[in-house]
Amino acid sequence: MAALGTLLSNGRPAPPMKGQLRRKAQREKFARRVVLLSQEMDAGLQAWQLRQQEKLQEEERKQKNALKPKGAVLQTSLPSQ
Numbered sequence: 001m002a003a004l005g006t007l008l009s010n011g012r013p014a015p016p017m018k019g020q021l022r023r024k025a026q027r028e029k030f031a032r033r034v035v036l037l038s039q040e041m042d043a044g045l046q047a048w049q050l051r052q053q054e055k056l057q058e059e060e061r062k063q064k065n066a067l068k069p070k071g072a073v074l075q076t077s078l079p080s081q
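Its first residue numbered 1, the sequence shown is counted upward by one per residue in full-length UniProt numbering.
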């Protein structure tokens with residue numbers, strides 16, 4: 001960015017103008033906000049995935065612990081398999 005700045009008569013770079021400083025501060029503020037929101041999204045997505053996995057495990061546990069048929073019903077269903 002220094003190549004875009006103006007030069008003084010002795011060849012040194014001129015100090016940045018107020019508008020340049022303001023825009024730079026705005027860009028930095030925006031970049032910090034983007035990083036923060038990105039981190040929040042990552043954390044939220046990770047929490048959602050964990051909840052989905054817990055729901056799936058709960059469903060599997062319920063199916064595993066479901067009542068099983070006994071007696072005549074069980075014996076009639078075995079040969080048909």
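Hints were generated in silico from the structure; no laboratory data involved.
Predicted model, so just to flag it, every value in this text is computed and none were measured.
Honestly, I wouldn't trust all of these hints.
[Stated by the list, open to error] Simulated restraints, written as ranges between beta carbons of each label pair:
#, residue 1, residue 2, range
1, ARG23, TRP48, 50 to 58 angstroms
2, GLN20, LEU56, 20 to 28 angstroms
3, ALA25, GLU54, 37 to 45 angstroms
4, ARG22, GLU58, 50 to 58 angstroms
Built from N, CA and C at the ideal position, the CB exists for glycine as well.
If you check each hint against the structure, which ones fail? Violated hints: 1 and 2; rest satisfied.
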